[in-house]
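Colleague: Now for the letters of each chain:
Protein chains: 2
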Amino acid sequence: MALVVQKYGGTSVANAERIRAVAQRVVARKKAGDRLVVVLSARAGETDRLIQMGREIAPNPDPREMDVLLSTGEQVTIALFSMAVKDMGCNAVSMTGYQAGIITNRSYGQARIHWIETLPVMDQIQEDKIVVVAGFQGYDDEGNITTLGRGGSDTTAVALAAALGADMCEIYTDVEGVFTTDPNVYAKARKLEKVSYEEMLEMASMGAKVLHLRSVEFGMKYNVPIMVLSSFIDAPGTLVTKEDEEMEKVVVSGITYNKNEARITLTNVPDQPGMAARLFKAVSDAKVNIDLIVQGSGSIPGRANISFTVPRPDYEKTKAVAQRVAEEIDAGVVHSNPAIAKISVIGVGMRSHTGVASRMFDALAAENINIKMIATSEIKISCIIDEKYTELAVRVLHDTFELDKPPHERIKIRQEH
Amino acid sequence: MALVVQKYGGTSVANAERIRAVAQRVVARKKAGDRLVVVLSARAGETDRLIQMGREIAPNPDPREMDVLLSTGEQVTIALFSMAVKDMGCNAVSMTGYQAGIITNRSYGQARIHWIETLPVMDQIQEDKIVVVAGFQGYDDEGNITTLGRGGSDTTAVALAAALGADMCEIYTDVEGVFTTDPNVYAKARKLEKVSYEEMLEMASMGAKVLHLRSVEFGMKYNVPIMVLSSFIDAPGTLVTKEDEEMEKVVVSGITYNKNEARITLTNVPDQPGMAARLFKAVSDAKVNIDLIVQGSGSIPGRANISFTVPRPDYEKTKAVAQRVAEEIDAGVVHSNPAIAKISVIGVGMRSHTGVASRMFDALAAENINIKMIATSEIKISCIIDEKYTELAVRVLHDTFELDKPPHERIKIRQEH
Numbered sequence: 001m002a003l004v005v006q007k008y009g010g011t012s013v014a015n016a017e018r019i020r021a022v023a024q025r026v027v028a029r030k031k032a033g034d035r036l037v038v039v040l041s042a043r044a045g046e047t048d049r050l051i052q053m054g055r056e057i058a059p060n061p062d063p064r065e066m067d068v069l070l071s072t073g074e075q076v077t078i079a080l081f082s083m084a085v086k087d088m089g090c091n092a093v094s095m096t097g098y099q100a101g102i103i104t105n106r107s108y109g110q111a112r113i114h115w116i117e118t119l120p121v122m123d124q125i126q127e128d129k130i131v132v133v134a135g136f137q138g139y140d141d142e143g144n145i146t147t148l149g150r151g152g153s154d155t156t157a158v159a160l161a162a163a164l165g166a167d168m169c170e171i172y173t174d175v176e177g178v179f180t181t182d183p184n185v186y187a188k189a190r191k192l193e194k195v196s197y198e199e200m201l202e203m204a205s206m207g208a209k210v211l212h213l214r215s216v217e218f219g220m221k222y223n224v225p226i227m228v229l230s231s232f233i234d235a236p237g238t239l240v241t242k243e244d245e246e247m248e249k250v251v252v253s254g255i256t257y258n259k260n261e262a263r264i265t266l267t268n269v270p271d272q273p274g275m276a277a278r279l280f281k282a283v284s285d286a287k288v289n290i291d292l293i294v295q296g297s298g299s300i301p302g303r304a305n306i307s308f309t310v311p312r313p314d315y316e317k318t319k320a321v322a323q324r325v326a327e328e329i330d331a332g333v334v335h336s337n338p339a340i341a342k343i344s345v346i347g348v349g350m351r352s353h354t355g356v357a358s359r360m361f362d363a364l365a366a367e368n369i370n371i372k373m374i375a376t377s378e379i380k381i382s383c384i385i386d387e388k389y390t391e392l393a394v395r396v397l398h399d400t401f402e403l404d405k406p407p408h409e410r411i412k413i414r415q416e417h
Numbered sequence: 418m419a420l421v422v423q424k425y426g427g428t429s430v431a432n433a434e435r436i437r438a439v440a441q442r443v444v445a446r447k448k449a450g451d452r453l454v455v456v457l458s459a460r461a462g463e464t465d466r467l468i469q470m471g472r473e474i475a476p477n478p479d480p481r482e483m484d485v486l487l488s489t490g491e492q493v494t495i496a497l498f499s500m501a502v503k504d505m506g507c508n509a510v511s512m513t514g515y516q517a518g519i520i521t522n523r524s525y526g527q528a529r530i531h532w533i534e535t536l537p538v539m540d541q542i543q544e545d546k547i548v549v550v551a552g553f554q555g556y557d558d559e560g561n562i563t564t565l566g567r568g569g570s571d572t573t574a575v576a577l578a579a580a581l582g583a584d585m586c587e588i589y590t591d592v593e594g595v596f597t598t599d600p601n602v603y604a605k606a607r608k609l610e611k612v613s614y615e616e617m618l619e620m621a622s623m624g625a626k627v628l629h630l631r632s633v634e635f636g637m638k639y640n641v642p643i644m645v646l647s648s649f650i651d652a653p654g655t656l657v658t659k660e661d662e663e664m665e666k667v668v669v670s671g672i673t674y675n676k677n678e679a680r681i682t683l684t685n686v687p688d689q690p691g692m693a694a695r696l697f698k699a700v701s702d703a704k705v706n707i708d709l710i711v712q713g714s715g716s717i718p719g720r721a722n723i724s725f726t727v728p729r730p731d732y733e734k735t736k737a738v739a740q741r742v743a744e745e746i747d748a749g750v751v752h753s754n755p756a757i758a759k760i761s762v763i764g765v766g767m768r769s770h771t772g773v774a775s776r777m778f779d780a781l782a783a784e785n786i787n788i789k790m791i792a793t794s795e796i797k798i799s800c801i802i803d804e805k806y807t808e809l810a811v812r813v814l815h816d817t818f819e820l821d822k823p824p825h826e827r828i829k830i831r832q833e834h
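Protein chains in written order, with this note's numbering: chain A, 1 to 417; chain B, 418 to 834.
A portion of the hints provided could be inaccurate.
[Said to hold, decoys possible] Below, a sample of chain A positions facing chain B; criterion: calculated Cβ distance under 7 Å:
#1 16
#2 56
#3 58
#4 61
#5 65
#6 79
#7 87
#8 143
#9 376
[What the hints assert, rightly or not] Residues of chain B placed beyond 10 Å of chain A at every Cβ, according to the derived structure:
#10 418
#11 496
#12 542
#13 605
#14 640
#15 660
#16 741
#17 772
#18 774
[As the list claims (entries may be wrong)] Calculated lysine to any residue pairs in the SDA-like style (CA-CA distance at most 25 Å, straight line):
#19 A:31 x B:476
#20 A:191 x A:247
#21 B:448 x A:60
#22 B:676 x B:717
#23 A:31 x B:480
#24 A:191 x A:402
#25 A:405 x A:355
#26 B:789 x B:807
#27 A:191 x A:246
Simulated from the structure, these hints should not be mistaken for laboratory data. Keep in mind the model is a prediction, meaning the values are calculated, not measured. Backbone N, C-alpha and C fix where the C-beta goes; we use that ideal spot for every residue, glycine too.
Based on the provided sequences and hints, a complete structural model is requested.
Modeller: Encoded structure:
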């Protein structure tokens, strides 16, 4: 009799019909013998509706009150869902973040779970009920309602699974699992059977929207097996779990892309200590997060070009900052380009295999795709390219690493130790 | 520096514009020096919307989950209202029933307040905040969310005022106060300056929709002065308070009517012990509440006619029960009439004045309005008449007792001790 935490997202509970459909699946699973905790999001569109409602009242709604407002979205869903389950003759009980003992810090709108008082949920499980918990919300040590930020219901589910010592955390979503790349970009994308926490983290931070970043961090920290599945199709999903030998043999697990960045280059920066620091302090003061940084030689001897990328919504603001700093430090012209994309090749196998980078660069070069910046980590290589080549690059790299084939059928990459 | 509990109903907070308007009044009052606790209802129509949503999921939604669902209505309002107040530069904090320490029994949908843990609200008052409390909701001793039933926000406000030892509980509504009768029926209706708890109770139970019945009971029990005022018009309201000498001099305070009853008569019931008991047990088993009962002689000697009234939605059901019982006990035909009305004359002064009943009957008779049943209490006389005469009867009685004039200008009714 396994203890399973399941999470269903907003599209899975968007209306009465879907709520009843999910309730039916859950009831069947309960009857098959598992003990279940179900974490739910607000119905699709509800959170946006509530935010809009708040903004009609005040242009900058108070963050504490915004969380009081937003948390009603999940409360509605857990009530409706529990009604549906009970109507099917199965016992259930809804629990808000408060009732489920989910204690967070006080960062309204982006709170972090501190700990979970598991007794209330455990009591209800002991009474053989399906426990239906509101995702996305918690409360601080003074009893204020908090929310975890967009996608926070994933985190609620994984954290609850960790705290309850659940055998599995199942995340039901509108995709069938984690794919080698976005199937909308390349139909040859293959669903992964397994992926490591670290790969999933890289994919999540690269813009793959399957799992909320923090939920993967939680899973990794507490070693919770996470299964990503479709709420609509009855098919095996992707298991996110700790790295094993089998995974290490797979050199490349997936290709991701991110079109939400912009690039800025300061040319001919005087090559003196503190110049880069001055630039990045100014950008940071403007509350802009920098992703990649590359420094190279400038066209004038003794001077350097510094390129960096920022989120695209911060592009204009950052350009102005860069322009100001360039004048102050007597650098050359500022180049900028909002139409770039970041293509990344991810795989834990890269730790023990080389040759991945050169195959990536070769494949892009063969298509005349110019690489503007490169960044690497232990399990990832990212290239900045012109945005218009994004889909082409994804397809080429997918083919190059034969990701459409099962791992054991792929041609071995030269291994160097 | 008075401590005042204010309550605003659903129409007062129906949309962003009205929420801001109420917030403005509250902020002005705070700046004038009072300490304020504001109790809010769900926005007009919201509770019905949520009930509808629940019924789409299950024909008989689980009561516990219905309360989880319904309580979101007030939570949305307190969040929006607190945002508005803070946006106007005044400090405020919203509190759900749980956060405000409102502890009830577990009668979901019609819970009764057991006690209020005042410390959380007092703490916020000490910090000089406007405390914005969700009406209509509480929680039981196991932390389940409960609701108090329709109109329950009035009860929240009066109970909070009692628990906090507030100087006044102000109920803002869409009428200007308590009137001598329904101003929609008779334009000569006069706003009462003061009315006693007992009169208000009779008026509330007779269908006057100004105050929730239980809130008046609370006010009477804990002697909380309740002021009923308009949210939209800046005018003095009606003070509901304990009976004083001045009130006793006023013989009749108001005329109420109730069109929501139906009458059933069993004719020629055998005049043997247990016949009436058998009838009323059968009606009670059908979960129908009986209001008035009158027994008189039947057309056959030794037999009796028994008439009683029930809520109109229960009319058909009760008629069938009565028909069955009539056959079982060998009574005569069953007469029934769903088109009746109950007209009541209310006043604490009746305790020390007689002649009210005869003036009432005379006035109705003068208009050829036939009285079908009569019931009296210490401070009330009710007559059942044909529904079509309702408005005429209200106007005639209002004129008879000169309720359009201030009390001291009315002609004295003969006083008998």
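Colleague: In terms of Cβ atoms, is chain A entirely out of 10 Å range of residue 772 (chain B)?
Modeller: It holds; residue 772 (chain B) is separated from chain A by about 56 Å at its closest Cβ, greater than 10 Å.
Colleague: Take the C-alpha atoms of residue 31 (chain A) and residue 480 (chain B), compute the straight-line distance between them, and say whether it is at most 25 Å.
Modeller: Judged against 25 Å, a Cα distance of about 24 Å means the pair holds.
Colleague: With a cut-off of 7 Å on the beta carbons, see whether residue 376 (chain A) makes it to chain B.
Modeller: Nearest chain B Cβ about 46 Å off; hint violated.
Colleague: Holds or violated: residue 16 (chain A) as interface residue toward chain B, Cβ cutoff 7 Å?
Modeller: 4 Å, holds
Colleague: Would you say residue 542 (chain B) is clear of chain A, with no C-beta pair closer than or equal to 10 Å?
Modeller: Per Cβ check, residue 542 (chain B) is outside 10 Å of chain A; nearest 16 Å; holds.
Colleague: Is it true that the CA of residue 448 (chain B) sits at most 25 Å from the CA of residue 60 (chain A)?
Modeller: Holds, at about 23 Å.
Colleague: Is residue 405 (chain A) close enough to residue 355 (chain A), meaning Cα to Cα at most 25 Å?
Modeller: 19 Å, holds
Colleague: Over 10 Å to the closest beta carbon of chain A is the bar; see if residue 640 (chain B) clears it.
Modeller: Check passes; 31 Å lies beyond 10 Å.
Colleague: Would the pair residue 789 (chain B) and residue 807 (chain B) pass a check requiring their Cα atoms to be no farther apart than 25 Å?
Modeller: Holds, at about 13 Å.
Colleague: So, residue 79 (chain A) near chain B? Judge it on the closest CB pair being under 7 Å.
Modeller: Holds, about 4 Å.
Colleague: Under 7 Å, Cβ to Cβ, is where residue 56 (chain A) needs to be relative to chain B, so tell me if that hint holds or is violated.
Modeller: 4 Å, holds
Colleague: Against chain B, with CB atoms and a cut of 7 Å, does the hint on residue 58 (chain A) hold up?
Modeller: Result: holds, 4 Å to nearest chain B Cβ.
Hints 9, 11 and 22, counting from the list given before, are not met by this structure.
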